[in-house]
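S.K.: Sequence:
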Amino acid sequence: MATTISTETWVPNNETCKSSVDLQHYLHYSLVPSVVIIIVLSWLEKRPRGRLISERWPLLKRQCGIVIPLDFVGAFHNRWSLAFAFGALANKVMIMFSKRFLPVQVPQWARAVVILVCAVEVGLSSYPFFACLSTRFQITGATLGFLYTASWLAIIMLNIAQCPHGQVVGGYENIIFYWPSLLCLVFLLGRFMHILVKASRVCLQLDLTREEMPFPEVHQVNHVQQLIGKPPRQLQKSWIQRKVYEWDPYFRFPSRMICMAVLALICLYMFVVFEFYFMKSLIQTLYTLEENFEMLVAARNTSEVLVSAVQYFKEFIDFTEDVWFASTFTACLTSVSYVFHILACYRKHMKRLWAGEKQFLPLSTCKLSHSVAAVARYSGWQIAYLVWGYLIIHIVQWVFGMALVYILILPIKHGQGKEVAKSLGTGILTVAIVIGLLVLQIVTATRFFLQPKILANDKEKPLALDNRKAFHNFNYFFFFYNVLLGLSTCLVRLFCSVLVGTWLIARIDRTIMPKGYEAADMGFRTWIGMLLMDHYHTNPTLVCFCYILVAQNRVQHQQETTSYRSFRNESVFRVSKKARTRWLLWYTLLNNPSLSAFRKPK
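Once you know that position 492 of the sequence shown is 491 in numbering that gives the first Met the number 0, the rest is easy, because the numbers rise by one and skip nothing.
Where hints are given, some of them may not hold.
[As the list claims (entries may be wrong)] The calculated label-pair distances, taken between Cβ atoms and stated as ranges, are: (1) Gly435 with Met512: 27 to 35 Å; (2) Phe324 with Val31: 39 to 47 Å; (3) Ala149 with Arg346: 31 to 39 Å; (4) Arg598 with His471: 13 to 21 Å.
[Stated by the list, open to error] Straight-line distance between alpha carbons at most 27 Å, and here's what the computed DSSO-like set of lysine-lysine pairs gives: (5) Lys45 with Lys242; (6) Lys242 with Lys366; (7) Lys366 with Lys514.
To be clear, the hints were calculated from the coordinates, so they are not data collected in a lab. Note that the Cβ used here is the ideal one computed from N, Cα and C, for glycine as well.
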């Protein structure tokens, strides 16, 4: 039930290469050490007091706690390590898009269940990467994680060394597809070694300090201090800060967003490589078909119609190849820019929510109880949307490119430049006249049928009619023209909506539905739920406020439990409740004099 990874690959001498290592079988076998590592880390983890399991099995002594592989809500540490851990299993994620993911032929109704079982198996085999990075027992976690990562790295490198080629891409297929995962595995090896050395130095008392996760985070404290402090002096911003991206030192992306970005880029790279070689093979097949047609036409001395048809078919193949590979670059650039733009939108939306602004989100489309599931769905859905969005954008760009070729470039190539220029000029003139008549209606209605400005410095005239009789005649005669104009503008509206919806299909942070129908966009609902979940759990002001309450409660508890609390050198002043209320009332009215008018009279 694992991810199917083919081990029979292509070699230059047309022989089938069989590796001594079957990655599919090794994925099955890796479940055994994975479960052992989970059991070891679970045994070291302590369970909270007062659990029912502690009363039934007191011999466990609060052992066998739940292991957390990754905090999807409020984790800001080990972000890049966890991101590279996701990158190490990018090849497994990409194969989920293919039919080879299903190990056996199953009925259509059972596919969802089988895919769920296979996905759980892939997740279980990758569980030690995340659990060993997140555990508090760093020596044990780093040792087990290093050994488990080294085994996967050795197996994949052995498979690539024995069979570097493949059947889909051809030469060096496994190297092309697996090098991002190998790079991530090498990074994880170095990270586990760094954690092991650092934890060992602490245990040997060579280092006095041990890295602990602060609560609240440093950037959250700095954000709150910035809010209550004096506003910083505005500096001159560079072009990059004004147009591209402005760095915020008081904001950090959570681990979930960094992992999503890294995994999305790697999956997008693998998909583009596969698409590139698939299209190259398809073009080669079309060229072979065209050569066979030419040989058939030359052998039978057929009419000029078939000869011209073969020539047009050859031109179609040539232009298809050029336009497809040119649009590959633009589609890749668009998809990669979407990844970084989504991160920028996440920061912008979170900061607006922290400031108390919620009007920009249609909150009625998402229930608060559904936000918990939205956090679990977001990363996987965003990667799938980006991959499918790249393919759709690429196809649309290819269609527009081919249309441009057949409308403009190909007629010029065949010596029909004058006809093309004449048709283009006629079309531009028609559009210009239509736009001119629209502008004429607006200018005429504004200039002659509105009353003058009330004040000289007003930007617009008041919405008060003037020359009413002429205005009614103006509406009557333009009514018949606007009926015909509405037919073309309706098609333009439909074309623009399809184009914009296709262009934004890869982005979850924007809805492709019109206002009022956002609930039909499941991706946008997931985005809203994820934002609300992060807002309620990682709001710096709320986190710092809770920390102050916890700290004060802890200090008060320590003061009450000490046996020498009666000998403290503190002066306790008792203030009546009435005096305190009057003092607060006076202080409030002093700072807000306008509130005195709303006080209830005696």
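S.K.: Looking back at the numbered hints, which does the structure fail to meet, lowest number first?
M.R.: Violated hints: 4, 5, 6; rest satisfied.
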